[in-house]
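Each chain, written out:
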Amino acid sequence: MGGCGGAVTALQVQGLSHAFGARKALAQVSFTVESGSFTVLLGPNGAGKTTLVSLVTGLYYARQGEIRVFGHSFREDPLRALANLGVVFQTPTLDLDLTVAENLAYHGALHNLSRREALARARAELERLGAADRISDKVRSLSGGLRRRVEIARALLHRPKLFVIDEATAGLDVAGRQNLLASVRELCRAGTSVLWATHMLDEVEGDDPLIVLHGGTVRWTGPARRLAPATAFAQTFLEITGERA
Amino acid sequence: MSPGHAFRSLAGISRRELLRLIGQKGRLSAAIVRPLVWLAIFAAGFRAVLGLSIIPPYETYILYEVYIVPGLAAMMLLFHGMQSSLSMVYDREMGSMRVLLTAPLPRWWLLASRLLASTVAVIPLVYVFLLMARLWDVRAPTLGYAAALPALILAGLMLGAFGLALSSLIRQLENFAGVMNFVIFPVFFASSALYPLWRLEEVGPLLAAAAAANPFTYAVELIRFALYLRFEPTAAIVCAVAFAGFLALSVVGYDPGRGFWARRAIE
Numbered sequence: 001m002g003g004c005g006g007a008v009t010a011l012q013v014q015g016l017s018h019a020f021g022a023r024k025a026l027a028q029v030s031f032t033v034e035s036g037s038f039t040v041l042l043g044p045n046g047a048g049k050t051t052l053v054s055l056v057t058g059l060y061y062a063r064q065g066e067i068r069v070f071g072h073s074f075r076e077d078p079l080r081a082l083a084n085l086g087v088v089f090q091t092p093t094l095d096l097d098l099t100v101a102e103n104l105a106y107h108g109a110l111h112n113l114s115r116r117e118a119l120a121r122a123r124a125e126l127e128r129l130g131a132a133d134r135i136s137d138k139v140r141s142l143s144g145g146l147r148r149r150v151e152i153a154r155a156l157l158h159r160p161k162l163f164v165i166d167e168a169t170a171g172l173d174v175a176g177r178q179n180l181l182a183s184v185r186e187l188c189r190a191g192t193s194v195l196w197a198t199h200m201l202d203e204v205e206g207d208d209p210l211i212v213l214h215g216g217t218v219r220w221t222g223p224a225r226r227l228a229p230a231t232a233f234a235q236t237f238l239e240i241t242g243e244r245a
Numbered sequence: 001m002s003p004g005h006a007f008r009s010l011a012g013i014s015r016r017e018l019l020r021l022i023g024q025k026g027r028l029s030a031a032i033v034r035p036l037v038w039l040a041i042f043a044a045g046f047r048a049v050l051g052l053s054i055i056p057p058y059e060t061y062i063l064y065e066v067y068i069v070p071g072l073a074a075m076m077l078l079f080h081g082m083q084s085s086l087s088m089v090y091d092r093e094m095g096s097m098r099v100l101l102t103a104p105l106p107r108w109w110l111l112a113s114r115l116l117a118s119t120v121a122v123i124p125l126v127y128v129f130l131l132m133a134r135l136w137d138v139r140a141p142t143l144g145y146a147a148a149l150p151a152l153i154l155a156g157l158m159l160g161a162f163g164l165a166l167s168s169l170i171r172q173l174e175n176f177a178g179v180m181n182f183v184i185f186p187v188f189f190a191s192s193a194l195y196p197l198w199r200l201e202e203v204g205p206l207l208a209a210a211a212a213a214n215p216f217t218y219a220v221e222l223i224r225f226a227l228y229l230r231f232e233p234t235a236a237i238v239c240a241v242a243f244a245g246f247l248a249l250s251v252v253g254y255d256p257g258r259g260f261w262a263r264r265a266i267e
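Residue numbers (the working numbering), protein chains in the order written: chain P, 1 to 245; chain H, 1 to 267.
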């Protein structure tokens with residue numbers, strides 16, 4: 001299910017543009033992620049998804065346009081905006097030489113959780129994601145799929161209201177992808193808003209609010225099923241991104 | 001930012017720094033062995049060549065080993081500051097810097113916390129070296145070791161901030177070798193760490209002027225005077241001002257709208 005209810009806007013992006021030198025990465029991007037929804041940001045490689053995620057998480061400064069997380073503007077109140085955000089980046093960001101527990105406790109400290117509270121939440125999240133038995137292991141010893149689950153557990157530790165995930169399933173096998181996607185959809189059902197950035201068409205479900213990004217511009221927004229019936233979804237996507245098979 | 005949040009984040013960052021340092025056995029042993037090699041080999045060779053007159057804070061003629069030890073303690077802080085900047089560049093390339101920079105805390109606080117954590121982690125190593133230097137008959141007054149603590153912290157913060165500012169300019173890990181050659185060695189050699197300023201003046205006024213303008217010289221002198229229970233106000237002021245300046249540069253360097261991240265965004 002793409003929508004899990006809620007009337008407040010979790011993420012509002014308005015007129016966002018960004019350039020790398022002369023090359024425009026994003027041009028006048030506008031969309032919203034409704035509270036409690038599982039919104040998919042779909043685009044081929046190089047569409048601008050990672051740039052968009054970097055802007056939405058404050059890593060890049062938005063010179064043009066406005067970003068609001070649950071009403072908090074990144075320009076005016078970046079700390080409140082960040083407090084509501086949980087992020088899993090495309091590039092792995094765990095410290096390989098620390099244990100899973102130490103990685104999560106570190107994140108907890110940055111988000112004002114006591115060590116005891118952070119570790120209790122870490123155990124609960126890892127349990128839910130099926131990785132609790134590896135809590136004392138060094139991250140270096142984990143498989144790619146497990147590392148991703150640990151990153152998700154870490155991003156949820158401070159109970160963010162909006163969860164942004166950039167190409168989290170890249171490099172995982174089919175079972176790993178399905179498990180990860182199912183875990184995040186479960187989160188959405190529990191009330192967390194999700195922005196799921198991907199280039200994988202099979203990760204989109206009919207009810208998901210969809211944003212199609214290509215060449216730095218939004219090409220289409222709306223429920224996925226309105227874009228095309230499931231049987232013709234891939235063909236329609238390739239047509240609107242100009243990448244015919 | 002509430003005081004509780006600020007303290008928790010500082011404690012978390014400190015714990016991570018300490019765990020990382022303890023996990024790097026090679027770095028730990030190198031940090032101790034490096035100054036000992038200088039003391040055991042370099043100083044032994046030079047003691048016969050270099051005569052040292054009575055200069056403050058010393059009240060009598062001293063062996064070259066005695067003169068060089070505060071400089072070597074400062075060298076430990078300098079190398080540690082550079083290693084920390086290297087790990088910042090590594091964190092940036094590996095992605096873990098993103099975790100720090102997306103925390104809901106002011107960026108200046110995150111950078112200052114990392115700096116303080118890194119400095120506090122190296123101080124015990126400096127004390128191990130100072131105690132081992134006693135094997136070479138380099139013995140400061142007992143209270144001098146306690147008096148040196150604030151000097152070591154201020155010098156460590158200043159040199160760490162210097163590394164932090166540099167790390168905001170270095171784009172790739174591979175460029176760090178260049179930094180070693182073009183920054184660390186000139187900073188170390190053009191200072192009063194190995195020779196007193198009057199000796200450098202005899203060699204050449206340009207070198208003496210460079211040493212006199214080098215903040216590292218003041219870090220060395222601050223430690224030297226503190227070890228012998230003397231306070232050097234000029235050195236303390238220069239270190240404090242340089243610390244503030246380098247930290248400000250780092251904050252700008254890591255600002256998403258101005259520094260590295262902004263350059264990354266427009267390249």
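Hints should not be assumed to be uniformly reliable.
[To be verified] Covered stretches of chain P, going by a simulated chain H footprint (3 or more residues, C-beta under 8 Å):
#1 53-62
#2 84-90
#3 170-182
No wet-lab data here; the hints were simulated from the structure. Built from N, CA and C at the ideal position, the CB exists for glycine as well.
Evaluated hints:
no. : hint    : in the structure
1   : 53-62   : holds (count 6)
2   : 84-90   : holds (count 3)
3   : 170-182 : violated (count 0)
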